[in-house]
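K.L.:
Here are the chains, one letter per residue:
Number of protein chains: 2
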Amino acid sequence: MQAPLLSERDLAFMLYELLDTEALCERPRYRDHNRETFDAAIETARKVAEKYFLPIRQTMDQHQPTFEEGRVQMLAEIKPAVQAIIEAGLACPTADYETGGMQLPAVVASVTGAYLSAAGSTAVGYCSLTNANCNLIEAHGTPEQIARWVAPMREGRWAGTMAMTEPGAGSSMADLTTRAWREADGSYRLAGNKIFISGGDHELTDNIVHLVLARVKGAPAGIKGVSLFIVPKFLVNEDGSLGERNDVHLAGLFHKMGGRGQTSCALSFGEQGGAVAYLVGEENQGIRYMFHMMNEARIMVGTAAATTAVTGYQYSLAYAKERPQGRLPSSKDPMSKPVNIIEHADVRRMLLAQKAYAEGAFALCLYGAQLADDERTAETEQARADAHTLLDFLTPVIKSWPSEYGPRANSLAIQVLGGHGYINEHPVEMFYRDNRLNAIHEGTYGVQAIDLLARKLPMNKVAGFRALLAQIDTTVASAASVSSLAPYAGQLQQLAARVQQTATRLLTAMGDTPIDAVLANATYFLDLMGHLVVAWLWLKQGCVAQAALDNSANDADFYRGKLQALQFFYRYELPQTAVWAELLDTIDTTTLDMQENWF
Amino acid sequence: MQAPLLSERDLAFMLYELLDTEALCERPRYRDHNRETFDAAIETARKVAEKYFLPIRQTMDQHQPTFEEGRVQMLAEIKPAVQAIIEAGLACPTADYETGGMQLPAVVASVTGAYLSAAGSTAVGYCSLTNANCNLIEAHGTPEQIARWVAPMREGRWAGTMAMTEPGAGSSMADLTTRAWREADGSYRLAGNKIFISGGDHELTDNIVHLVLARVKGAPAGIKGVSLFIVPKFLVNEDGSLGERNDVHLAGLFHKMGGRGQTSCALSFGEQGGAVAYLVGEENQGIRYMFHMMNEARIMVGTAAATTAVTGYQYSLAYAKERPQGRLPSSKDPMSKPVNIIEHADVRRMLLAQKAYAEGAFALCLYGAQLADDERTAETEQARADAHTLLDFLTPVIKSWPSEYGPRANSLAIQVLGGHGYINEHPVEMFYRDNRLNAIHEGTYGVQAIDLLARKLPMNKVAGFRALLAQIDTTVASAASVSSLAPYAGQLQQLAARVQQTATRLLTAMGDTPIDAVLANATYFLDLMGHLVVAWLWLKQGCVAQAALDNSANDADFYRGKLQALQFFYRYELPQTAVWAELLDTIDTTTLDMQENWF
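If you read the protein sequences in the order shown, they are chains A and B. Each residue of the first sequence is one higher than the last, beginning at 469 in this note's numbering. Each residue of the second sequence is one higher than the last, beginning at 469 in this note's numbering.
None of these hints come from the bench; they were simulated from the model. A portion of the hints provided could be inaccurate.
If several chains are the same, the list does not tell them apart, and a pair holds so long as it fits within one copy or across any two.
Stated by the list, open to error - For lysine-lysine, the following DSSO-like pairs were computed, each having C-alpha atoms within a straight-line distance of at most 30 Å:
| hint | residue 1 | residue 2 |
| --- | --- | --- |
| 1 | Lys515 | Lys547 |
| 2 | Lys515 | Lys692 |
| 3 | Lys685 | Lys800 |
| 4 | Lys547 | Lys692 |
| 5 | Lys789 | Lys547 |
| 6 | Lys685 | Lys805 |
| 7 | Lys789 | Lys805 |
| 8 | Lys692 | Lys805 |
| 9 | Lys515 | Lys800 |
| 10 | Lys800 | Lys929 |
| 11 | Lys800 | Lys692 |
| 12 | Lys929 | Lys515 |
| 13 | Lys692 | Lys789 |
| 14 | Lys929 | Lys519 |
All chains should be modelled from the sequences, with the hints used to inform the complete structure.
P.N.:
Shown next, in the form of structure tokens:
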């Protein structure tokens, strides 16, 4: 069955009607760009996705990489597909012109990336992780390190990874045990085991540049003693040519439920005496540097989750439009022609819920990407600082809401197809499996929840949350004056006040109640904040849609759909926020009180 | 990692404390039984499960059956495992002694089946579908048909299936096109294509007896023109020996996301002139007969969903008890020893939610099985009729609630394991895939919702719902007098009243509002009823647990865990019922109003 990977109409809506991405072109960094160049990049991404990845999407899933004689074997078609991304300039589209990039705004690059990931799933991760690796070294490395490591990665000759997780330390980076030490000549060696390293080994590129967290001999305990190192698979000679193999070895591959486009590796460092390692920045500052990459990776994860939701929605929508079955309850004539299933109220519910989740999540991720652009290029220092504050606050939400509601959308896509959704003739079961990882990697839902409540909320005198509330106020004020939107404006205003009340309650409790109790229900605070933010973005979409309808826009149907999804989200989804807020206000300790022996 | 398949302690609680299964032994049918014989059967099932299925559980998943030269190839170890079930008498444990059964109550057989399905997933389906097939023929077939077809199935020499679904008719049985006709000699032939036939072909048994829905030439349109036929894979001679191959052929196998222990087949009937078919009962009564098997299959599906939730919970619980990682938020010393993850509030939340969902669902299924026992063997005709009424009403809930909340529990099991939950070294990702089918097959969630609201609720002057409310009243009355339980009693009583109010609203609306609108939100009515029923069963469990604690029972920890899960369900889950009830009361038509072109 043919279905669009993403909705072109909706992407144009998001970029040019909701977010006013064209305005970015007035800024010096993007001055060579305009809507045509943005659209050309997006169109290129769509073509690469459809030509190279879509034909192998299910084959990649069915033939996951294998570990044979110490090497990774993978589907041969992956290499030319990844190469096509690189050749089209889509591997690091936001990078500077000088380093081979296109200087695209992140918000546009999110859309090019979304096309690739809708068709290529995690295979695209070889490029996007490399890009994030480059960004980190550019931010914290020396000019020599940038010249040596970043340039070949930007050219697509080498790839990059992020090597944090260890068998004994997943979410807990304080317990990392990989150790590093200084040799007599001042150079570093490193040894330890890392697991779940995405793209940790493969033969798609000539070299792989690992960014590895390790503890230098004598460093303080905990996260304050963690340093960051560049550890290449192959050593590099002075002239940039490849030297001998470094002491880094593939110990095995993990067999994942989904996301099989990309290897997930166990790597052993230093088994033969110590891997040559190059310190990034200063010793014991590794976590701070790594967060540069991690924050970027968290937004990438949210975007992948949202994208997988959108593509599953598009697929099940196309199916529902052409699959006849059954009749409406009001039809009593068994001889009447079966209707297409999109006529059934419950199928419409499942499609509308997918639309509300998927497009809500996608709008959130693009909004986050545009904040990243503002953080870098807004006119004034104050505007850049404000964007940073808001993005920092929203990062756990951008990572998590799509990771929770994306899989729900994918489950509904399966349900729309019924039995056909459960078999591999259709990709929706793969989307469901692929998307399940997103609430786990780059910080689980629970880790994000504690980050939001314990760190991001109080940070800087609650500046992030206050910045969000100011944005919400603006939208509420503008929606309140439109009669069709006024009820939603009222609902959102009430919800914002309710969340504020709960936040104040919890912040106060942090001062006078045991912290374990205050944080026990942190995930519900993340749920609550996520729904607030997505409700706000839906109302923003509604404002644009209603204005377009008032101006007799051509494609009225599209805008009516936006308003109906808004209505669905406010009537069917938003009321449950009251349940979470009440639970949080009571600082309920049911879970904390449960004892191990009682289970 | 070692983890129990199910909790023996909890099974004993359910059977002997919650449901008083021993009292069944006073009935003539079960008079040879007692707790020892029940426990012996359960113990046998556990041993067969652990010896034959557990060692191949993941291998079966990784090597799904293949279609080679028109035949099914499957893992060789499946045949002896299925044989072990048969030899242990566990294939049809509820059947009469005369037909080789054990005359076990259904409630006990549910537990033996749960052990097998926890270890063998859908591979157990070869036996349980055969059993359900036998039960149908026993109820509606002629003595000759019973002698010819049931006896060899009861002996385990042949297997049985249920062949309903067609490529053009999934949920809509009115549109079945498989046709049957009478030959000159009065015998029937049949032709058509069926898909998604579980166990539709294999070489585990000498013959396969398909129960096939088809339309006899000249029959009325719709479901009133559907007849039921016995169509064997091999014809059978007068003496019972196998004759030539019937005109039934395996057209292909489906590759499912999970449940790979059992084949899912496309079968073509009558491609070479017509498959020999034997009418069951009368023409055009097929749907009614098939519902005999379908109702049984629906309870089986609910039980499989609940079982998969329980076994996933047990696995993640065992993992959480032995996996050290991180420290509590209150611990500031990075040198302190990491705690086992079960110490973290959010991990406890995920385990407690699993316990609440899984044990709630399992209690619901066992309660349903005991109603089936009462329907058959209760002392008075009135008691049997009452049990029938209540079971009939609850069947969509028993099918659906575990199918919705079971997968949620399995998702939480993955989350407890983090990245380790996403890879096939641990079985939790398989449980998540396996369980996703249960909201689809034997009537989707949406189909069950309409069955509940449009058919089961109004049926017989709302007798089913009223019977449920009477049960709830009894529990509320007994809990209200126990101080620790009184708040829950109050909450349940309020909820019951609220659901009653919504039900009345909807029943009234069925008279004066377009039916498509009244049924548009039927799934939320199913959600609402499901939570009411499970909340009631949790309060029943709480009553037993509190009484045991009051009597200084030995294993106080176990009972405290029950009370804590009760508390979790009432504080964290139950409040959202208010949202569903309000939505239903407004007869919201957001989904119905959404137009195809607006998507």
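K.L.:
Please write out, lowest number first, the hints stated earlier that are contradicted by the structure.
P.N.:
Result: hints 2, 4, 5, 9, 12 and 14 break, sorted rising.
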